[in-house]
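Q: Residue numbers (the working numbering), protein chains in the order written: chain A, 1 to 474; chain B, 1001 to 1445.
It is worth saying that the hints were derived from the structure and are not from the lab. Heads up, the beta-carbon is just placed ideally off N, CA and C, and yes, glycines get one too. Check before you lean on any hint, since a few could be wrong.
To be verified - Okay, the calculated bits of chain B under chain A, using three or more residues with CB under 8 Å as the criterion: (1) 1095 to 1102; (2) 1366 to 1376; (3) 1404 to 1418.
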Amino acid sequence: MSPVRRSLFAFLLVVALAAFAAAQQQPSNPPAQTQQPEAPPPGQQQPAPAPTGEPAADSGTQAAPQKMAKPTGHNEVVIKGGTLLTVTHGRIANGQLYIKDGKIVAVGQTVQAPASAKVIDATGKWVTPGLIDAHSHIALDGDVNEATSPITPQMIMLDAFQYTDKGIYRALAGGTTTSLLLHGSANMIGGQAVVIKHKYGMDRDDLLFPGAPQSIKFASGENPKRVYGGRNQTPATRMGNFAVMRQAFQEAREYMREWDDYNAKTQKGDKDAKQPKRDLKLDALADILRGKLLVQIHCYRADEFLTEMAIAHEFGYKIRAFHHGLEVYKVADKVAADGVALATFSDWYGYKMEANDAIPWNAVISMRKGVRVAIKSDSDDLTRRLNQEAAKTMHYGGATEDEAMKMITLNPAWIIGVDDKVGSLDAGKDADVVIWDKYPLSSYATPEKVFIDGDLFFDKSLPGYGMPYYTEGK
Amino acid sequence: MLLSPAFAQKTQKPAGKPAPAKPALPPAPLTALKGGKVVTVSHGTIENGVVVMQDGKITAVGGPSTAIPRGARVIDATGMWVYPGLFDSETRLGLSEIQAVDMTNDSSEPSDEIMPHMHVYDAFHAETEHIPISRINGITNAIVAPGDDDTLPGQDSLIQLWGPSGEEMLIGKDIALAMNFSANQRRRRGSFENWKYPSTRMGLATQLRQTFLDALDYKRKWDDYNKPAEKKDGDKDKKDDKKTPPKRDLKLEALLPYLAGERPVVLDVQESTDLYTALALAREFKLRVILKGLTHAQINLDQIAATKLPVILGPIYEQPRDDERYDAVYKLPAELHRRGVKFAFASYDLYAVVQPRNLPYEAGYAVAWGLPWDEAMKAITLNAAEIWGVAGQLGSLDAGKTANVVVSNGDPLDVKTDVKHVFIAGREVPLESRQTRLRDEYMKR
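All chains should be built: construct the whole structure from the sequences, respecting the hints.
A: This is the structure:
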């Protein structure tokens, strides 16, 4: 993924600026995204006072909104004595983890850390990376579907992002530290997603995952059929679904050709070259065809996976993951061969016709056949206990502990395109860490402390709402 | 002769008594489970215990020296857990196959709010795929309730998740009356001019009150009619000559056993506001109440405890309200237990995709939030049987009870645990479903 595509916020800024600039400047390439500046590194966005470290008062529901000191991102913490589930290199009993400046510095049986570091005793407890939800619709206040046209790739989820939504905090309290916020499934191509860290209580831009690539959500099957067929519009069938998509990509190809011609002419110094009209929808489709967006597809049935992959081949883009994908177990070898990941439910089934062949062994069968599998929520409820959902893969199919953990950490991180930054307890990764009271892959565990970028964002032992940086009010 | 309501009631099976099984199959085999960790629920846990089943009943439960009758099939349960079949206190099993496909749904009659004459057993589809799927995780009994679109949507049935036919699976017909007071019954959909009575909580309560009054009035009419005429002038009986029987009304008639306190009303209330109104209504008409829901009534838990009423809890996965802590709903079972309230878990919930097979994990999650393990186990076995009035047959491993027994390779409330054997009425049920068949078919490919 190109390093210039750094953050959604920066992207939007550029889109806004481009609106002013478009009249005067001749963009050399239609999609604005290629020109965005890099976002500042985490922890340096805004100088902030150090957190007091004092627990927030138990102010119940009466308290007025009150912002606490912001985290600095420069904490030094050593977590000692717990059992670490590293995800990438197994269990470390009575292990140690050293966090500094928002990053994991060292993980092991013992670590070298200066005496100044704050020590957290995790004896008898369990330490995992922050959980990652590859499919969430929280914090969007119902603005999930622009269900007025089946192709709306120009919709930018950030425009609807409700960073004060308590869903973010509830998921955080369940150990989820990163989520991909996706559009709904009304449209064949719904729009562009947001990747957040669950830093509840901070300003909007502090929640955006720095450097996360841009994902776009597709959908197919019963949902678009119902939405548009119900209005006597296309698509009312699966044939219609894919016809609409092909038509859109065809137009995008022509649009790209116009711009390529124009750019070639201006490069040759042709002053009379006529600049094509910018079209946000076609810009976004062009970005898909140029491979600049991670394509996340809501689909259920085996035949749909095959059609989606065929269309991707036809137009030359790659699919990052099938979401839901309840029948991937039927064609897992083909999905694996295309390098498409699966973000699925552990055991949902039967709620609609295309979920009727869902089996709870889907995740493990697909994994054994080479598909990279994540267990995701698609639910403001499940996102609060992804650990239990992952544990079901140990029950249904006999996933190992590492495999089950990977499905809610490293694999969703890959689907979102941030696996180089989060998803395991490894030196150099972001210090997104959960301390659990019990073995996390069970019915019995709840998070006691949740760190994001080295700062403590949730602490069960605190009175009130368990949030060090924010009291009631949002 | 026309059946009078009084007569009709007499012909109904008493609440909770299982129907006599048809002699369609040979008797359930003699089986003994040996060496397992036996969680009796009623009288503690027996390490290296023995459970004997014969003719569909549990005949012995005890330690390693418990006698195993000659000829018994002996299953070595060493290293396993043995516990009573799990009891789900509300599901839609057999009423709905595929949520989004209307033609497969039989859970609600949305034309009227008052439908007490709807009987789950009339629609119960014993061949539903959801039953074998649920059985595989050890669910052996469930209350099937109608949907919650109406205030009085109908009467619940108690089912057993295996039987020679649907008839034998329905072991308690009309076991309770569902009554939804969760304010979503208000006919306030769409724009103002489309509202329909009752559109407010006031309307809801008034409509119910009027319905109960109508039923009592109906009963009075029949009682008058059935009263033997005063014998004067040496007449033998003047009744048949002079009186016209009142018109029968199945709707009002259905309410009579509940207004007589013979069977419980399951009062679904989510919030404090509704709780007070609904309980006042129940008191006014002397209804025997089982509370259900209470998900957002945390501030009234002491008052709930004071009523001494039993409670059915949905899964505790529902979101808290915005003014509630993140753990407000999670802690509900522990908080009720602390106050001495008897409760049982139901897998059914308005707001989440939940399934009976997840019932043990829902109980397990309550343990994560402070409920003692033994209490969580009880809330999906014996408490349920007691609340529904069938503790004589179900809910624990005790001699004389129906042989609904589960054997698993670990803690039943933990997600990782695999169920190895399920016995329903003494017969081992194959752990197969449409889902296992799909699994096996595609694993080979």
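Q: Establish whether the coverage given for the region 1404 to 1418 of chain B by chain A is satisfied; the threshold is a Cβ-Cβ distance below 8 Å, and no fewer than three residues must meet it.
A: Since 6 is at least three, the answer is holds.
Q: Is the listed coverage of the region 1366 to 1376 of chain B by chain A valid when you require three or more residues with a beta carbon under 8 Å from a beta carbon of that chain?
A: holds (count 3)
Q: Just to make sure I understand the rule, a stretch counts as covered if three or more of its residues have a C-beta closer than 8 Å to a C-beta of the chain. Does the region 1095 to 1102 of chain B meet that for chain A?
A: Holds, because 5 residues of the region 1095 to 1102 of chain B bring their Cβ atoms closer than 8 Å to Cβ atoms of chain A.
No hint from the list above goes unmet by this structure.
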